Structure formats: C-alpha cells, structure tokens
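**Student:** Protein chains in written order, with the working numbering: chain U, 12 to 594; chain Z, 873 to 1067.
Since the hints were derived computationally from the structure, they do not count as laboratory data.
None of these values were measured; they are calculated from a predicted model.
Be aware that a few hints might be false.
[To be verified] With a cut-off of at most 30 Å between alpha-carbon atoms, the simulated DSSO-like pairs for lysine-lysine come out as follows:
hint: 1; chain 1: Z; residue 1: 1049; chain 2: U; residue 2: 50
hint: 2; chain 1: U; residue 1: 531; chain 2: Z; residue 2: 1049
hint: 3; chain 1: U; residue 1: 370; chain 2: U; residue 2: 196
hint: 4; chain 1: U; residue 1: 531; chain 2: Z; residue 2: 1010
hint: 5; chain 1: U; residue 1: 330; chain 2: Z; residue 2: 934
hint: 6; chain 1: U; residue 1: 370; chain 2: Z; residue 2: 987
hint: 7; chain 1: Z; residue 1: 1049; chain 2: Z; residue 2: 1010
hint: 8; chain 1: U; residue 1: 564; chain 2: Z; residue 2: 1049
hint: 9; chain 1: U; residue 1: 563; chain 2: Z; residue 2: 1010
hint: 10; chain 1: U; residue 1: 531; chain 2: Z; residue 2: 934
hint: 11; chain 1: U; residue 1: 564; chain 2: Z; residue 2: 987
hint: 12; chain 1: U; residue 1: 532; chain 2: Z; residue 2: 1010
hint: 13; chain 1: U; residue 1: 135; chain 2: U; residue 2: 160
hint: 14; chain 1: U; residue 1: 152; chain 2: Z; residue 2: 934
hint: 15; chain 1: Z; residue 1: 1058; chain 2: U; residue 2: 530
hint: 16; chain 1: U; residue 1: 370; chain 2: U; residue 2: 411
hint: 17; chain 1: Z; residue 1: 1041; chain 2: Z; residue 2: 1058
hint: 18; chain 1: Z; residue 1: 1058; chain 2: U; residue 2: 531
hint: 19; chain 1: U; residue 1: 490; chain 2: U; residue 2: 564
hint: 20; chain 1: U; residue 1: 196; chain 2: U; residue 2: 162
hint: 21; chain 1: U; residue 1: 532; chain 2: Z; residue 2: 1049
hint: 22; chain 1: U; residue 1: 135; chain 2: U; residue 2: 221
hint: 23; chain 1: Z; residue 1: 1041; chain 2: U; residue 2: 50
hint: 24; chain 1: U; residue 1: 388; chain 2: Z; residue 2: 990
hint: 25; chain 1: Z; residue 1: 1010; chain 2: U; residue 2: 530
hint: 26; chain 1: U; residue 1: 545; chain 2: Z; residue 2: 987
hint: 27; chain 1: U; residue 1: 563; chain 2: Z; residue 2: 1051
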Amino acid sequence: MQILSGNEAFARGVYEAGVTVACGYPGTPSTEILENAVKFKPAIYCEWSPNEKVAFEVAAAAACAGARAIVTMKHVGLNVAADPLMTLSYLGVEGGFVAIVADDPGMHSSQNEQDTRNYARFAKIPLLEPSDSQEAKDFLKLGIEISEKYKTPVIVRTTTRVSHSRSIVELAERVENTRTIGLEKNPPRWVPVPQWARVMRRTVEDRLGKLRADACSSPANRIEWRDKSLGIITASIAYQYVREVWPEASALKLGFSYPYPDDLIRQFAGSVQKVLIVEELDDFLEEHIKAMGIACVGKQFVPNIGELSVTTLQASRAKMEGREVPAETPTPFADELPARPPVLCPGCPHRGVFAALGKYDVIVTGDIGCYSLGAFKPLNRLDIILCMGGGISMAHGLDKAGDKRTIVGIVGDSTFFHSGVTGLMDIAYNKGCSKIIVVDNRTTAMTGHQDHPGTGQTLMGEPTVTISIEEIGRACGFKRVRTINPYNTNETLEVLNEELSVKEPSLIVSRGGCPLHEKKKVGPVRRINQDLCKACRACVRIGCPAIDGGQKKPFINEFLCNGCSLCQQMCAFGAISAVEEKL
Amino acid sequence: MSDNGAIESVVLAGVGGQGILLASEILAKAAMIAGNDVKTNEVHGMAQRGGSVIGQIRYGKKVYSPLVARGTARVLCALEQIEALRYAEYLAPGGLVVVNSQTITPVTVSMGAAKYPKDVEAKLRSVFPRLIYFDAGKRAVEVGDIRAANVVLLGALSTGLDLPMEAWKRAIEDSVKPKFREMNLKAFDIGRSCA
Ligand code: SF4
Ligand code: SF4
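The whole structure should be built from the sequences, with the hints applied where relevant.
**Tutor:** Structure below.
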C-alpha cells in the first residue's frame, strides 16, 4: 500500500500493464505521469516529444506494431493531436494504446476549460474516467485490456483533482506483453486510402456496438443502491463529492462512460424516483440521457463553468430542494488582503526582455509558458495570446492585417520546438516583417522543467544532440538572426534598436537559463544602499519579487535575490551593488 | 449527514515554493500509519511561481473528496501569516490555527498597488480564538536549517489532531533523507513545544 498522486498511480499502471513505449508533451496537470513512468526504465521507453501530435503518432505506431503504448498530454494538447487521433480510430491497434488526457476544470493552469470526453465521442472510441488514484492505476490497465480486445485506441480522461490528489493504492506485479513486435505487412489494414478507409469506417461502427454492451457489464460501471427516491448518475471526481453531499442517495458511478452504457442507465433510471446527473464541465452524459427519453435534471442545478466541489454541490442541492443557498463566509479583513498573483521568479531571464520591450511602442503577441506572466503589471508587455506557437503566427497575422506598429512575437524555447517553426517559415516565405523573440531559458519551465530538443538531454537521461534555434531560423529563410544575453540591458536595447527599425523579419534568441531549474544564482546577491537610494523606484518597476518596494525606499530580500543584476542596471544613482560574498 | 464517520481535515496555506508538499506528505503518511484512509490535494503549475497556494489533507475511516469543504478544517496552518486570513473560510468553528509569523511581500505590494496589512498578529487574534503564532523559521534555525520550518509547524499543528506520536515519528523518518532525519525529528519536537 502506498499513498500515490493520480499521476503517480497512472505511471504505476503503465508499468503494471506491461507498456513499453510512453510518450508525451508536458502540460499541467498531466506532466508527472511521464516523469514517474521513466523511473521504471529500462522496462518502459519514455520520451518527451516536441509536441502532442508527434507523441501521439510515435505511441500509435508502436501500438500498431504490437507494443503496448501510452501517450500523455493536457486537454489542449489533444487539439494538437486530434489529427492522428481521428484516423487511428480507423486503423486501430494491435498492442494496447491509451491516451491519458488531463482536463483542467477551473483553469488552474490553462488557457481554456475544454471537456475531453467530447473527443471520445468524436473519434468513436472508448472513454474511461477514474475518480481517485486506485482507479487511475486500475483504469489504465483496463484501458490497455479493452484496447487489445477491440483493437481500438482508448482515452483515459483525468482532471486536475484526480491527477494532483493523493490516496492509498494497492500495487500489483507487471504483466509483460507476449506479442512479437513488428508491423504486419497488410496494406488494407493500415492504409486508409478511400477504398480501404470505407471498410474501416464500418468496422468503427461495429466496434462501438460491441463496446456499448461491454460498458454495461464493465466492473468500472457500478450501481450503488441506497435510498431510491433520488438516483445520481456521476463520474470522475464528481462522484467523490456526490458521496459527501448526497450520502443517502443511490448512485450509478460511471468509469467506462463512452460508448454510453444505455441499458445500465435505463435500468438505474427505471428504479429510482428522480434522476440527477452530476458531471464536471459539459452536459456530456445529460444530453445523451435526455435524448434517450429519460426524465432527469442536471445542469439546471449543477454549474457547467469551473470545477465542482462539495461546497458548490451543497449549493446545487439546496437549490434543487428549494432551500436557501448557504451564504459564503466572508474572508476576514478581505479588503486589506493584498492579492498574491504568480510572478516571474527573481532572476528570471524573461524579465530583461520585457523590461527592454517596455521602451518601445510595439504590439507583442505572446505564447504559452512562464513568460505569459509578462502580461501582468508592472511589466505589461504582452498584448495577445492564443495558443502554443500562436505567438509567431499571430505576429504575422497582425503584420499582414496592416497594424501600423511594429509587431513583436514572443515564444519560449520549448514552445518554439512544439509549434513555432512552421509559423517562422510562414513569415519568411510569405514576406512578412514581424520580429520574433525566442526567450530560450533552456527548459520547459512552467510545467516543472522538462527537457526538449534544445536541451541536449532526453527524458531517459541520456545526452543527445542540441538543436539550434538560430540554425532553424536561418534554414527557415530568416536572414537576420541575433542572439542576446537578457541580463545585459544595454546589449538587449542595442539589438532591439537595430532589429525593430529594419523592414525585414528578424529572429532574436534571448538566451539565459532558468535559475529555478539550474538551481544556482545568476550572480552575487544585490543590495540597495539606502543612503544612495533616491526612491525613484526604477528598480521596483521590473517586478522582481525579491525587491520589496512596500516602503518609500525599496530594499532587496537577500534570501530571494538570484543576483541577475537587472535592478542594478535600472538604477541611475548607483545605489545597487553586489554584496561581498562571505567566505 | 455523512455515513463515513468523522473525517479530519487540515488546510496548509502559503506561498508557492514554501514547502507545503513535504508537510502534507508527512501528515498524510502519519494518518495512514495510524490506520486511516487518507486523501490529499496539492497545487502544481502556474500558482507555484510565487502565487498563493494551499495543500489539503483529509483522513478518517473512509474519505471521498480530497478537497476540504468550507468551514470543516480542524486545523488551518499558514506558512506565511496573512495567508491564514485568506483561507480562514476553511476553518471549522473552534478549529486550531497555527501561523508562522513570517512575511513574504506580494508583488502587488512591492509595486505599490496594494498595502501589506498592519498589526497582523492582532488581526489574527481577533479572528482566530485558538491561535498558535510564532516564528517557525527562527526555531528551525535553532535545530540547524531554516528549511525545516515546515516541520516545526507540523509539530505545532499536531497538537490539534489525534494522531499518535509514533505515527508522526515514522512518517517523518519515512519522508526525509536519512541524514536529515534527526534534525527534522528535533524540529517537530520544538514545534510541538511551541503549542
Ligand atoms: S521558473 Fe524560470 S522561467 Fe519561469 S518565471 Fe521562474 S525563473 Fe522565469
Ligand atoms: S539582482 Fe535585483 S532584479 Fe535580479 S534577482 Fe536580485 S533583486 Fe531581483
């Protein structure tokens, strides 16, 4: 017995299921699955792929060859991998294939709140939804089993609260895959040209029918009979809240929720007086159950925005019973409590780029990563963000739309490799003029520091080629490619002055390692000489959390300072200097 | 109204990077060693970059939700003092509050967009009748390392829970590297004596 997070339990399940290939791209809340799976090397080959589509394709091919394979990603990652997903459904697999996709209801660390369950229906493949760590492990194994039995890809959908909650898990032994690995030479099976794809299309529909029957008898779906005046149909983490808010009610707990287990739903609904559907995000179950002609309530009481909790469901219950919704307890001294938003760390290399860009009247298209924090005060240096890689292509779009200002696109290194390169080609090929800055901190920082094609190391811990962003830029047709040290303000401004004034696209690589990742200070800790300080607050305006500007004259928290010297370069009065290292 | 017996809930509040994860791991293990079902929840991702974060731990005969509902935490512990106020709504009536007197200035304050509250101790005392308020970092330095402040706080909050000392000891030994064991056990004892 061990206390495991949902993601650790998934990794354990990957091991126990005899999986040998595991791929993914980091994304909260899915990242720790592969970080824990790699602990089982060499039994499992693990890799961070450049993006989710590549990861999906690598794992899919492995499964077509008979290996057991999984791929992990966050919800928005499945949009990137949607292309292979839709057709892998047609091809099917030989070895078990599971895509573990993590949703983020409440958007704790995401740009949107999409419900991955819709993808299972869209791709016509089975969907499993664990509600705690034990189920995370068990359902991963069940997913591999279903996948092999029906030769279908399977989605296991998790959420932030399933992935990042810990609970007690019983461990089991690994069961090895006994298949001989190798792609069978059989074009009608693997080549979806129209005449063969039409045959596959029928197979998909037949398979769904068989899966539906299986779902009705699956141990992952269970009826818990209690009082029959109310029956609740629920799945995933919502089940746990339901048990606390309606402990007396009967429940149909769905773990294998697509294809919808219609007979089971009918049997349950027919035996209770009233049916309530409690699901997080979309009305994925409710819409279907209503279409089956079953009278039920759901989203009229249960929110479809944000995540559920015992507290929100207590409010739903009160509303449903016509009682007054319990009032929120006010936070004491609420209006005196300063907000504590996330910020770029002390010594973060991105700060220098944003601080420098603050001096120009430009429009900045941003991207997904720590540097999206540059949108906040006091840096205020990001104007629009859409999606991974969008920082580059959107710069081109604004440029082509005829925005009179100079357009600067900012992407991170990992994001650049993920989906920035194609946008870069577009700018050069279609004669754009935008300026692209890759803020290269040598890691995928926001998700907790994972390797990528530019770091020189694989997830398996082996040294490998370091792919050069500058060389990619040149190969994509950029004639102006510059590299800057973001900790050197003068150099940064000099390069920006030149590059922003030419009527040609340019690629600027701002290279500085993430100090949190490298676990070392950039330089000696800085101190403000209070006698020399004129309280102009220039250093405060770079938004470093180590600088406490709460009083008239700011001071530096030497415990937090990472010694990047940026504040020192801002100070016109020479008040900031390095603290002598005590030996 | 629940059929799962008494559930004990604990909320740990602080600032991303302060070491809530280790504290919550030790607490969960202690609860499991004492024979309980246990669930915890932790924050990853964006908020860890210096944002306000909480860790939640629940244990008892059978735990369903990993999240603590409003007004049900037996103990609320804040690693940074004003975070205790921010998460006060979690506390059950009569619950114990343990607060580290440390101040971490939020950027909103550094930039002059907000002010850090004055007389925090008096405010905490006015809101929380059962309050343990002390400088856990200072006590941690006494045993050898400021980073043991979270274990000092665990020692203090352990007085508000019913877990046996033996379970705490084993949980600490199990969660930290052998060379830090003795120091962390001492940190826990010091914290307990601060209560
Ligand atoms: S983790 Fe690294 S890249 Fe992210 S804000 Fe902190 S220093 Fe910057
Ligand atoms: S040198 Fe200045 S800007 Fe850099 S981390 Fe230290 S206080 Fe912050």
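**Student:** A separate judgement is required for each hint: does it hold in the structure or not?
**Tutor:** Results of checking the hints against the structure:
no.	hint	in the structure
1	1049(Z) to 50(U)	holds (19 Å)
2	531(U) to 1049(Z)	holds (22 Å)
3	370(U) to 196(U)	violated (61 Å)
4	531(U) to 1010(Z)	holds (24 Å)
5	330(U) to 934(Z)	holds (28 Å)
6	370(U) to 987(Z)	holds (28 Å)
7	1049(Z) to 1010(Z)	holds (22 Å)
8	564(U) to 1049(Z)	violated (42 Å)
9	563(U) to 1010(Z)	holds (28 Å)
10	531(U) to 934(Z)	violated (44 Å)
11	564(U) to 987(Z)	holds (15 Å)
12	532(U) to 1010(Z)	holds (24 Å)
13	135(U) to 160(U)	holds (16 Å)
14	152(U) to 934(Z)	holds (25 Å)
15	1058(Z) to 530(U)	holds (27 Å)
16	370(U) to 411(U)	holds (24 Å)
17	1041(Z) to 1058(Z)	holds (10 Å)
18	1058(Z) to 531(U)	holds (29 Å)
19	490(U) to 564(U)	violated (46 Å)
20	196(U) to 162(U)	holds (17 Å)
21	532(U) to 1049(Z)	holds (25 Å)
22	135(U) to 221(U)	holds (12 Å)
23	1041(Z) to 50(U)	holds (28 Å)
24	388(U) to 990(Z)	holds (24 Å)
25	1010(Z) to 530(U)	holds (24 Å)
26	545(U) to 987(Z)	holds (21 Å)
27	563(U) to 1051(Z)	violated (44 Å)
The earlier numbered hints that this structure contradicts are 3, 8, 10, 19, 27.
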